[in-house]
Amino acid sequence: MKTPQFTRPPGFSTHSNLSAADIWIFRSRRSLRVSWRFLRKWPVFPSLVLGALLISALFANWIAPHDPYAANLRARLDPPAWDSEGSFTNLLGVDHLGRDVFSRVIHGASVSLVITVVVISVSGVIGTILGMIAGYYGGLTDEFILRLVEMTISIPLLLIAMIATMAFGSSLQLLITVLALFSWPGFTRQVRAEVLRLRNMEYVQMSKVCGASTSRIFARHLLPNIVNTVIVLATLLVGSLILTESILSFLGAGVPPPRPAWGSMVSEGRDFLSNAWWIATFPGLAIVITVLGFNFLGDWLRDFFDPRLRQIR
Amino acid sequence: MARFVARRLLFMMVTILAVSVIVFSLSQVRGDPRLLLLDDNTSQEQWDAWGKEMGLDRPLPVQYLVWLGKAVKGDFGKSLWEQRPVTESILMRIPATLQLGGASWIFAMALGIPLGVLSAVKRGSFWDYVGRATATFGQALPPFWLGIMLLLFFSFQLNWLPSGRQGGLDHLVLPAITLGWLSAAGMLRLVRSAMLEVLDSEYVKLARCKGVSEWKVIWKHAFRNAVLVPLTYSVLILSGFLTGTVVTETVFSWPGLGRLTVTAINANDFPLMAGTVMFATFFFVAATFLLDLTYVALDRRIRYQ
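These protein sequence lines are chains A and B, in that order.
Using the numbering used here, you'd call the opening residue of the first sequence number 52 and step up by one each time.
Using the numbering used here, you'd call the opening residue of the second sequence number 267 and step up by one each time.
Only chain A is shown next, with the shape it has when bound in the complex:
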């Protein structure tokens, strides 16, 4: 597209003597400023991360250049592509068993995503319902649920998860159960606080007077008002869940071994730091980028839903 030119009437002299280069600099500065504003306003980085994660999780079999379980011993410990000894067949190098690191990182995304999606749905539903009950009914029910929340928070999740793995053997189901058992209190606390505020609102009182059933009040008047909070909490929880899962996998109490999980990949690479740094580096990098992406997205959503909560800048 041609940029519209400002044509001056003949004989009109400008007092500035801007060269074409100056104008170019001004224009590029302006476009930089515009794109910077765009970057600050919309969650570009989180969307990219989320998109990449979703695509690699859903289409891992098509994207990954190699089978994540296939051990090609001839390529064992080959460095990444940009190294002078590396090749483009194994983009991020090969691990100690001859498996392609890039393919394993991609497949690791699907494991992480499955775990987080299941854990968040289960704990989100349970936590929200308990929080609504606690906030709406108050009294002894509230007291009981609050104590349960505090007790769950003050139990060291990591140790219990490790003991449970020792007792039942490591499996995906066990990992998901343990994580879900310990992630609902965050939802309950926040939802309870919101419902405490909402239940005394006039429209809730009025609908009660009009004879609305409790389930109607919950579904029509309370839930739509807390759904934003729940979404923000869920997004922020993704990051910490991925971190917890990777810590557990690192300690050998998470995703069972042959399956590629980022945490256990780092743990495997630990023994090869002196001659194969890439085994431990890239899965960890994947964790960092994913967690950062979800944390940014959560912050952005919070600001989006409620600009009053915007952080002091």
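Derived from the structure by calculation, the hints contain no laboratory data.
Bear in mind the structure is a predicted one, so any value in this text is a computation, not a measurement.
Where hints are given, some of them may not hold.
Below, a list of computed lysine to any residue pairs in the SDA-like style, where the Cα atoms sit at most 25 Å apart [what the hints assert, rightly or not]:
| id | chain 1 | residue 1 | chain 2 | residue 2 |
| --- | --- | --- | --- | --- |
| 1 | A | K92 | B | R389 |
| 2 | B | K318 | B | F290 |
| 3 | B | K388 | A | V169 |
Chain B side only, calculated, beta carbon under 10 Å to chain A, not exhaustive [said to hold, decoys possible]:
| id | residue |
| --- | --- |
| 4 | L275 |
| 5 | F277 |
| 6 | V280 |
| 7 | T281 |
| 8 | A284 |
| 9 | I288 |
| 10 | L292 |
| 11 | Q294 |
| 12 | F403 |
| 13 | F410 |
| 14 | S421 |
| 15 | I531 |
The C-beta atom is built at its ideal place from N, Cα and C for all residues, glycine as well.
Given the structure of chain A, go ahead and fit chain B onto it with the hints provided.
Below, chain B without anything else, positioned relative to chain A:
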């Protein structure tokens, strides 16, 4: 206040009891501990004798109560793996963990406080961006990966620092950074928001109007008031060290409590595992309790629940 403390204390005990039930019942799933110690050609009499000695012939609830009764007195029995009283094993590892915890606490303070103050004072500047980036990354870095990357750069590539195990001060640097990183980020955030609040207050404005030098305003008027709350909490960062020590000690082969716990769990050594886990839980719950107390003591607006 007294009623509040009493209720919290009671609640603390209930939590510890709950953990003890979980630990005990999970340990039963794995099966008879004699299977680990005795081989196939032990006679039935020997088998029974061991069972009697270990109290396995009694019903489970009784076994639990006996175990709990001893545990309250600090007696967790003998470790199957080390053949030594569990309490002794734990006590032996405490100094190493304390050393690591202390060093990382110092690191967290030394990084978090100055950067937090700087970030608040020069709000919106380059330093503020550095501070906020540090805080954001602190939350997103997996501690084990941070430790491994530090090892990779400073130990394997540059050869500046030793790669783990206890020794002189130089052995302490990398584990302390690994463990303290998360706390440093938390501290930075707390100090920054506290400083921002104080710098906006009337008395700081007055001090500036009086013509007090900027340095004095920041460090004498603002900082002294702002740092009280973060510093009190900083002691309680200790509860966050629980997860941290397990991971850090595993990465750096540090002979402390965290590594002992991992070893005990992996070796299926029930007495040792129960001892370390109960000890850690007690620590964790006590720290949470103290944190609640400080919240209330520092901020009267919080209702005693």
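A quick look at each hint next to the structure:
no.: 1; hint: K92(A) to R389(B); in the structure: 20 Å, holds
no.: 2; hint: K318(B) to F290(B); in the structure: 19 Å, holds
no.: 3; hint: K388(B) to V169(A); in the structure: 43 Å, violated
no.: 4; hint: L275; in the structure: 13 Å, violated
no.: 5; hint: F277; in the structure: 7 Å, holds
no.: 6; hint: V280; in the structure: 7 Å, holds
no.: 7; hint: T281; in the structure: 5 Å, holds
no.: 8; hint: A284; in the structure: 6 Å, holds
no.: 9; hint: I288; in the structure: 6 Å, holds
no.: 10; hint: L292; in the structure: 4 Å, holds
no.: 11; hint: Q294; in the structure: 8 Å, holds
no.: 12; hint: F403; in the structure: 8 Å, holds
no.: 13; hint: F410; in the structure: 5 Å, holds
no.: 14; hint: S421; in the structure: 8 Å, holds
no.: 15; hint: I531; in the structure: 5 Å, holds
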